[in-house]
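Please build the complex by placing chains B and C with the ligands on the supplied structure of chain A, with the hints as guidance.
Here the protein sequences line up with chains A, B and C, keeping their order.
So the first sequence is numbered by the working numbering: it starts at 1 and just counts up by one.
So the second sequence is numbered by the working numbering: it starts at 1001 and just counts up by one.
So the third sequence is numbered by the working numbering: it starts at 2001 and just counts up by one.
A few of these clues could be false.
To be verified - List time: in silico PhoX-like cross-link candidates among lysine-lysine, alpha-carbon distance up to 20 Å:
id	chain 1	residue 1	chain 2	residue 2
1	B	1425	A	331
2	B	1407	B	1372
3	A	49	B	1372
4	B	1393	B	1451
If you're looking for bench data, these hints aren't it; they were derived computationally from the structure.
Chain by chain, the residues run as shown.
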Amino acid sequence: MSTAVKTQAALISADARPASGAWAADARADAANRLAAMGLPTRRDEYWKWTRPDSLISASADSAVVLDYEGEEPLFNDVDRLKVVFVDGVFDADESDALEGEGLEIERLADAAAKDIHWAKDLYGVLEARGQSPVVRPLAVHNTAMATDGVVIRVTGAVSRPVSLIYRHEDAGSDAILHSVIRLEEGAKLTLLENGPAAARFSNVLEVDIAKGAEFHHVRAQGRDHERQAITHMFSQVDEEAVFKSFTMTVNGKLTRNECVIDIVGDNAVAHVAGAVLGDGAAGEFHHDDTVFVTHDAVACESRQVFKKVLKNGAKGVFQGKILVKPDAQKTDGYQKSQSLLLDDDASFQAKPELEIYADDVACSHGSTSGAIDEEALFYLRSRGVPTPIATDLLVLAFLADAIEEIEDEDIAAEVTERLDAWLARRRD
Amino acid sequence: MAGLDELNVKEGVEEETVEAVKSLAGTYKYGWETEIEMEYAPKGVNPDIVRLISEKNDEPEWMTEWRLEAFARWEKLDEPSWALLNYPEIDFQDQYYYARPKSMEEKPKSLDEVDPKLLATYEKLGIPLKEQMILAGVEGAEDMPAEGRKVAVDAVFDSVSVGTTFQAELKKAGVIFCSISEAIKEHPELVKKYLGSVVPVSDNYYATLNSAVFSDGSFVYIPPNTRCPMELSTYFRINAENTGQFERTLIIADKGSYVSYLEGCTAPQRDTAQLHAAVVEIIIEEDAEVKYSTVQNWFPGDEEGKGGIYNFVTKRADCRGDRSKVMWTQVETGSAVTWKYPSCILRGAESQGEFYSIAITNNYQQADTGTKMVHLGRDTKSRIVSKGISAGKAQNTYRGLVSMHPKAKNSRNYTQCDSLLIGDKCGAHTVPYIEVKNNSSRVEHEATTSKVDEEQMFYCRQRGMDEEEAVALIVNGFAKEVLQALPMEFAMEAQQLVAISLEGSVG
Amino acid sequence: MLKINNLHVKLEEEDKQILKGVDLEVPAGKVHAIMGPNGSGKSTLSYVLSGRDGYEVTAGDATLDGEELLDMEPEERAAAGLFLAFQYPVEIPGVGNMTFLRTAVNAQRKARGEEEMSAADFLKFIRAKAKDLKIDADMLKRPVNVGFSGGEKKRNEILQMAMLEPKMCILDETDSGLDVDAMKLVSEGVNALRDEGRAFLVITHYQRLLDHIKPDVVHIMAAGRIVKSGGPELALEVENNGYADILAEIDA
Ligand SMILES: Nc1ncnc2c1ncn2[C@@H]1O[C@H](COP(=O)(O)OP(=O)(O)OP(=O)(O)O)[C@@H](O)[C@H]1O
Ligand SMILES: [Mg+2]
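Pulled out of the complex, with its shape left as it was, chain A reads as follows (with noise of 0.2 Å):
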């Protein structure tokens, strides 16, 4: 306990929080006080009880080798973006491109932090805080004071390309902390491509504000490197009969986890967020969490929640999701959806899908499996000639196909799909 009271201490002291002008500097200010007050989680608290925390909390970030990708393309190469790099969490002016483009207002977080006022104010830190009850969520409060850097973004129309976050990761002992702000106006459409492993341990925030009749997709793909960790938030806002769409790709990595909390505000809004994980523990430990917690507080909504792992050699699967239906959120349509594969007998899974209903008229399902590959899928291909590794390979993709058919992009599914076989490729022989 002590410890941890040290590290917090450690962790939120004003002189630490980054330098900033008066709204950023009131809003980290007040994040460093909410988390004094809530503290930093521990194993014993109902959300933490299957992911250790201590290697995200400790004082200084575990390092991890950088991996080198021997010449492979970049994901996301071939698609026509805006790219923003940052490397160990510093952005890199170089490489990115230069922060405009058509339908939306781009800038970093630490510009917009230094200014004195600024729109982003009403954002930062907000939809975080909201995302606070009926489950705290520490790591998020960290990140609000503590966050260096990022992306403040405002889509006024469509825009003509993705906004694609590069996240290189060159320094072994890199603890990088970035938060990102979006609002979409009324009718805006926005792509956000995100992709690399940002640090050796990342800590990342995005908070997205969706107005009436606006659509978000965002595509993830969280890093190859082993060793790396990963504390993710994203809380978003969702109004009348705007659309939320959220996929997000992990293959590797230590320690990964992905917090979505979405509230559904207004009505006809519809909110998918979908995972797909491949975890071998031989190369390294892999834990893998997914926590997601689906509000609906409007009329007639649509939310879906699919999340699949395959796992093995001790690869460590967590899904920790929620649909809450509001008293007035009537006609709700929920599904919740986790599933994993164990592809030997040291994986593990764990999971908790939880509904929770004030509204009569609803219809809201989960389905939650586990188990093995199926043999007798395994031995018809068998039995046609195809030899067992490819034949579990097809399955797998086959296993993994209903969260990526969540991507909205064929492109980019595709891409993802891709990256998907090649990691099992590189396995097979």
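Coordinates of chains B and C with the ligands only, in the frame set by chain A:
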């Protein structure tokens, strides 16, 4: 047209339901009180009270010590708050922990000696303490074959067991069925060996309190390779005001034996809430099988949420032997607050656990109930079917754990949790925990939440049923899988209860 | 018996007018058929008459033996003698077919102030009716319509009609999904119920059914109205030429 005649009995069951809806005014049927002179231990709980309870039961020293140790542990524990339950803080010192009819001071030697007032009470509850062939109150039961229709009853009134029927006949078969207080005296070796071996003394707050202050309950021992010649049952009645009931049940099914055990509960209608904290432990050895069925109909509180029983129950079955089997079936319609998770420890290879539950909450009732299936042995199987029905301003939560340990190879779990909402002021929640630590096991969990289907309602009404009848019919259909798991006598009662519990929930 | 007068109906949730002034009278003892293109409003008419939610009557009325139907609850209409054989019979998992029917029969009897039927009588009654329709014991035991084939569902509807003995029977495409033999059985079931005090409104797309159940009058419904009425020969005309000629004739 073969088959139609057999059909009649079964289908008649549901007919009863509909009739019950029509004929009953919708008030709690067991809300009356027996006027009887009682003696109480002083209010509150402390080591002296624990000693006093032990003394009243004429217990040996080891039992008193066991209780005192439990009490010491209880004092160090905090009341759990993780359940989705919201009730005023319980003042554990503002309760009576022991209440006994004065006439029970001298334990009656046979049923003939029991105070007529007590006998009348059970008669009125539909459980006459006579050694009769069939459970009373079941119309049409006369037509059933007498074989297997005997039910032995242990009747617990507030803190004491009033009497147990069919003891002699059971003894012939080698079955021990008596109150736990009697077992502590008569079969100390069995009690010592098994008590607290499934639910350890300090398992949880309420179980620990129960370990310190339990006053009575039932004890069952089925010897090896014995099929219990009749169904066993315990009927719990709370009568005294401001009094908690803390009963303890211990069931041991030795190798290759079988028993079906039923449990029923009622209490008078009162404005103030009352506490009930029970512990049930079941030990199942190799190739043995236990079926445990509950129809819980404690007073649920009135339409304004006043009064009712706070029901905190720890029930656990330990399938110790290979191929042992347990089946929990519960129909939870009563109680203002229910906190209850009948669980299965599947230790033996190829052991099996099943849990079938209907939980109905109406008005201001709250239920947080479910099960734990802990798979430890290889080739173990479990099945969970939970049907939650929430109406009025009630909250109904399924909470469960399915855990596949590394050594539980080739095990299976299937879970189906369905919730039905009737009205827009109630809530239905599902909180399952799934932990899988080997890959040869398969876990499947499905849950749905919805309201009563409008198409079905219209179809029923087009055929002439009114809304309440239609809802009762559809809800009984929704809960069918669980109702079918109950023994016949209980199934009928339970179907009626389903309908009655939902009275006033539509329109 | 059934009188429908200038009935206008729109969807409750949408601004969509479906029935645009239906006039229809079916006297006791008669069989009337309604034919009409898909989506013309035939099922809607049957639903509105039986009181299903989701529709709003914007004008007109409907009476059964002089009683205003549209003010009644669905179960009151049923007790008053209105029966609808659904185009898509509803499945009710867990509720035995027998239980369902017995509950319905007794609910209606009670509503009419009649004695409820005893278990033994009911059993005798249903057994006889089921036999006529070649419905076996197994189907009575199974949950209402769950896992029934299309044809079985339709036969089950007719069984219910036979059990409930309504005055006014509306059959919505009861013939669709039936094989040749089942069609005969169902028609016989209907014909057996034909009598002076009872009337039928048979919605169908095919002449075939009307070969078995001879209608007194055939109506053509299009775009929410009865556009043409005539004798049985009208059905033949539709069977041979489709609706194009009739519709063109009306437009003209
Ligand atoms: N609840 C509803 N929501 C939307 N449209 C509806 C609804 N109910 C009916 N309609 C529409 O109203 C029209 C009439 O439908 P209806 O079912 O009465 O047709 P029908 O004459 O029975 O057709 P069919 O011969 O195919 O059975 C159709 O266009 C249908 O799509
Ligand atoms: Mg139709």
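Each hint, compared with the structure:
no., hint, verdict
1, 1425(B) x 331(A), "15 Å, holds"
2, 1407(B) x 1372(B), "18 Å, holds"
3, 49(A) x 1372(B), "17 Å, holds"
4, 1393(B) x 1451(B), "15 Å, holds"
Violated hints: none; the structure is consistent with every hint.
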